Structure formats: C-alpha cells, structure tokens
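Peer 1: If you're matching them up, the sequences are chains Y and W in order. Numbered by the numbering used here, the letters in the first sequence go through residues 1 to 188 in order. Numbered by the numbering used here, the letters in the second sequence go through residues 1001 to 1441 in order.
Hints listed in this document are in silico derivations from the structure and should not be mistaken for laboratory results. Quick caveat: nothing in here was measured; it's all calculated off a predicted structure. Cβ coordinates follow ideal geometry from the N, Cα and C atoms, glycine included. Where hints are given, some of them may not hold.
To be verified - Not the full set, but computed from the structure, chain Y residues with beta-carbon under 10 Å of chain W: (1) Ala30; (2) Met109; (3) Asn168; (4) Glu174.
Said to hold, decoys possible - Computed spacing ranges between beta-carbons, pair by pair: (5) W:Ser1014 - Y:Val170: 18 to 26 Å; (6) Y:Leu20 - W:Asp1069: 51 to 59 Å; (7) W:His1012 - Y:Phe163: 17 to 25 Å; (8) Y:Gln80 - W:Gly1283: 57 to 65 Å.
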Amino acid sequence: MFNYLYKINPFYKFVTVITLAILLTFTSSAMLNIGAFVICMLLLITGSDKIVSALKLCVPMLLIATGLFISGANIGGSQQDGLFLATRVVAFMGFGMVFSLTTDPYAFMKSLQKDAKLPRKFAYGVLCAFNLVPYIKEEYNNARLALAVRGVKLSIFSVKPLFSVLVNSVRWSEMLSMAMQSKGFDAE
Amino acid sequence: MLVAKNITYKYHESSKRTILEDVDIVCEAGSITLLTGKSGCGKSTLAYILAGLYPENGGVLLSGEVYIDGANIQSLAPSKRVAYVSMMFQNCDLQFCMSNLYQELMLCLENIGASPESLPTEIENAVALLGIEHLLHRNFNTLSGGEKQKCALCCILLLKSKCILLDEAFANVDDQSAKEIIQLIRKTGLTVLAIDHNIQLWEGVYDTRINFDNTPDFVIPNVQKAKHDHNDVVIKTENLSANGIVFPDMTFKKGSITAILGASGCGKTTFFKTLIRQYKYKGNIHFLGRELTKVKKNDLFAQCGIVFQNPANQFLSLTVFDEILFSVKKWNKEKDEHWHDEKTTEWLDAFGFGGYKKYSPYMLSQGQQRRLAVLSMLAGGQGILLLDEPTYGQDYENIYNIMSLLKEKAEKGLTILFSTHNERVAMDFSDAIIRIGEQHV
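With the hints as constraints, model all of the structure from the sequences given.
Peer 2: This is the structure in structure tokens:
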C-alpha cells in the first residue's frame, strides 16, 4: 500500500487527531462515532501496514465497549445511551490507533520540538520515560523471580516486588539523568 | 590535563563519615591513568565528582576544585562540560535515552550542535572503529551488557570530550573485546581515567596507576582445587537449546564447581534462567534425576539458588543485617532467635560486612551489593547454587574471598555453577570450564 500515514508530519497528525477527538465530544450520535471508527480503520488499511496490530487491539477494546454498553444502558436507562457511550470509546480508540501505530516516537519528539516549539528537555524526558517502560516491566518480573528464589511466597497482589521496583526506578532515574548530563544534556 | 585538588566529600550534611578526604589527582593530557582500590573505597564517587556530576546530583563537596585544561568543571553547565569530560558508567542499562544506538547518537550529536550533514558519516566512522555496525539499529533491550557498553563507548567517542572517565566499564565485557576497546581508546589520544579492578586488562596500556586506598596489591594466592569425591550427577543436559541458543551437553556432579565462559551475549544468563525454568527449552535437562519441566517451582527453588547479575533486585529487607537474617531464619526454623542473630553476625563478619549491619542494602557499592547477594544465597540451604557474574565489579581480594568461601561450601557438597569473564578466576576455582556460544542456531 501507500503508507501515507507514516509520512504526515507527526505533530500535525497529533493536532488533527486531538482536534477531531475534541470535536467528537460535542456530538451525541452513535452513528457518527461508528463512522469515525470506520474511517480510521480505512485509513489504517489504505495508509499503513498496521491493520493486523489494529485488529488485535480491537479485542480488548470491544470488551471495554461491551462493559460500557451494559453500564451505560443501566445508568442512562436506555440502550441508546449505552450504545452511544460504547461507540464513543470505539471512536477514540480508532483515533488513537491511527496516531500511535503510525508514528515513530523519535520522529514525534523531533516534530514536537521543531513544530510545536516544545522545550527540548521536556521532549527528551518523555522519550526517556518511554524507553524505561520495558525495563520496568522486566525489573518487576526479575524482582518476583528473585524473591521466589529466596523462598518468599508471593501472590499476584504482593507488594514486595513493587517495592524493589520502586527503589530501583528512583535510582534509575537518577542514574539516567546523570548519564544524560554527562553526554551534555543540561539538567532541569 | 585533569587536575583535582583537596577533594573532600560526604554523602549527607549530617553524616560524620567523609567518603573522600583531601584527595588530589593529576592526569597528564593524553595519558591513561588507572585508578584501583578496594570496592567501596570511593573510587566511583571520585569519578562522579571529576565528571561534575557530584555534588550537583547529590552529596556535599566540603572542599576541592576540578580543572580540565584550565576550565573549572564545577562552574560549567553540562552542555559546555561535555567538551571537556564525559563518563562511561558501571551500570550499562542506564546510559541511553533512545531505543537504539543510531537514534542515541543522532540525539547526542544534535545536542552538542554538530552539523546535520556530517552526522551520518561521523556515525558510520565511529561504529566502524568499534566494529559494532551490526548493533546500530538493534533495540537496546535486546543487547547484552557487553554490547551495551560498546554502544556507550561509541557515544563518548563521538562526543569528542577531552577527557574520558571509565567507571568499571568493562566489568561485563569479555576480556578479548575489552582489550580491543582499550587499544582503540589508546589510539584516540584522549586523557583517560579508568577505574578497574581487572588490572591485567590495562597491562601495558596505562601510563600511571593510582592505588586509591594505598592498600598493598593483593597477591593472588595459589588455590588448591576443591576436592570432591561425589559422583552423583545433579544436573545433566542433552541437546539443550533455548532462546535460539544451542548449548553443549553438560553434566554437573555434586560438590563440583563449574565455570561457564563465553563472549558477551553468548547466552550465559539464558542458560541460568533456563535452569530455573524461566525459558522454554528444547532437549532434556535432568534435574536431580527428573526432567526439569516435571519439577515444581517451589521444589526447584528449595534445591537451587541463584544470584542474578543485578544484585539490587535480590534484596527484600531494609538493613543488611535483616537481609541475611531472613535467609538464616528461613532455613533454620528449628533454632531459636539468639542462634539466628549469632549466625547472621558470623556470616556478615566473614564477608566483611561487620561495619555495615545497619546500612540499607541499596546504600552499598555495586561490589558490596553483589557480595551481599551471594551471602544471602549461601546463608540458605540450597544444594545447588547458580551465580551469574559473581566477580563483576569486585576487586581481586573480594573475588578470592568469595570464591574461597564458595569452595569450602563445595567441599561440603554444594554444587556451584558460575559464569564469569575472568579466565583467571575460572582456572583457579573450577573443576570444569564450559564455553558456550560457539554454536548459534
């Protein structure tokens, strides 16, 4: 396909998606919501190669939407209200996917700096945090494993591994910030 | 030229103990200075001060100034400072802001105002110099510790600082690669201050050596191999492969010490994690006579302890004392409290933690943390102990202390598998050496 979604300036893509999403909040038509979602999916089909990932993301999305439909119908009193709430979430997910699946975080950061005149520090900080996420996840698994090896009984709700993740995260952010300073990035 | 005068430093305004007292240091321009000393003696702290990172990021500098080529490092903002000094850290995971080397290099170069046209060529040259072209676009998450350090060095070389500080930068890199990189650094002609326990790496390369705490050099003793006359097979692997790595067939006997060697990224950690059932594997692992997949995890951990590469996530208590007490209690439930306390004290003294009982484990230096993690496992009663890089970040004296204690334990029947980059230690202490990573899928 054409992959044109990747070529749009990330900041402009971001602004467009956010603007459309905000505009959508002022409407109250379930059909419009569904229409927005369908258009998003069409964009992903014609303009990117991420439709498979998008469909995978649709599974949890449908779960949330179903939940909202039920609670919306109960609270609002009519199925119409439920449907409206559920489709709203679906539409927002559509916008989110169009942006996030087709935007490289690095390019987005550069665009934020250049087009949105965002301070560099802020942009880098966001990216740093973004790159730490997989480490935090791995750290959590390691911490659980380490505790299990020492003979500590753990349930899914145990906070012990979270404690060591927290301690380590604070240290990480310090270390990382020093490493970046040593590479010439000015501190806050 | 790097000149530091009268450096006196402590961690807290209120603390009585100074970490550094009246330290002077001079590194001639273009020279390589090697800084050695026991772990925990303040070498890393000094490096942080020389790099201008302390006291800005912590601690109190009571006196002292650092000059590089006449510029006062403390008075410069990081963006100006990088022209004078840059640092390579002990912890290789926490040096990058981006997800791969290419992005990281672009970011660093743009930040110091390099002209955009020249960037791709500069980057190409730098990675070619270190021979890491294949790492340029790989996600940092997928790199081994050694590979990450090569990337970190690549960044520093590109930043063209006049002075490079290396804080145990090669502790997680195999000797061969480390020596190659050191030769490359030598060629750059930059002023280098390197902290390293592994003096052999720098043999013939350094110009000056500073023995930081003035302790006499540790003479590596002749080690008698552990005697073990057990013939029971504890673990046996056949046609094992996991995570895309093929392992040679291995047999580990009760009471034996086996060293596992191999270049960075060859799968040493993967092997250990496979043994404690963290990865799916093909082939067979016989664990105490049973196929590993049939052993329940709780039973497995009751038989087999492991010390990870990053010791910090092994701790579960607020003080060093409680940390060991936990293991002692856990494994000696029938004994009374007094016995537990005494045994804990005994262990701590034997491992040189006598003065650190009230410290938080996280306050210890990297080397000390590792020792504590090893101790926390030894204090348990498992019959098999896996140690992932127990020598990393340790001075020789500590390494030999730890390994000798492990050897004593092995003579009493503890089966030990440890991975290391240190050939000497492997030769001295192991009954068998296994090299992995030569046969990739």
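Peer 1: Work down the list of hints and note, for each, if the structure agrees.
Peer 2: Against the structure, the hints:
1. This hint is violated: alanine 30 of chain Y has a C-beta 39 Å from the nearest C-beta of chain W, more than the 10 Å allowed.
2. Interface restraint check: methionine 109 of chain Y against chain W, minimum CB-CB distance 9 Å, threshold 10 Å, status holds.
3. With its C-beta approaching chain W no nearer than about 6 Å, asparagine 168 of chain Y sits inside the 10 Å limit, and its interface hint holds.
4. Because the closest C-beta pair between glutamate 174 of chain Y and chain W is about 7 Å apart, less than 10 Å, the hint holds.
5. At about 21 Å, the beta-carbon gap between serine 1014 of chain W and valine 170 of chain Y stays in the expected band of 18 to 26 Å.
6. Checking the proposed 51 to 59 Å range against leucine 20 of chain Y and aspartate 1069 of chain W shows it holds: the Cβ atoms sit about 55 Å from each other.
7. Distance hint check: the CB atoms of histidine 1012 of chain W and phenylalanine 163 of chain Y are about 23 Å apart, consistent with the given range 17 to 25 Å.
8. The hinted range of 57 to 65 Å is satisfied by glutamine 80 of chain Y and glycine 1283 of chain W, whose Cβ atoms lie roughly 60 Å apart.
The structure fails to meet hint 1 from the earlier list, while all remaining hints are met.
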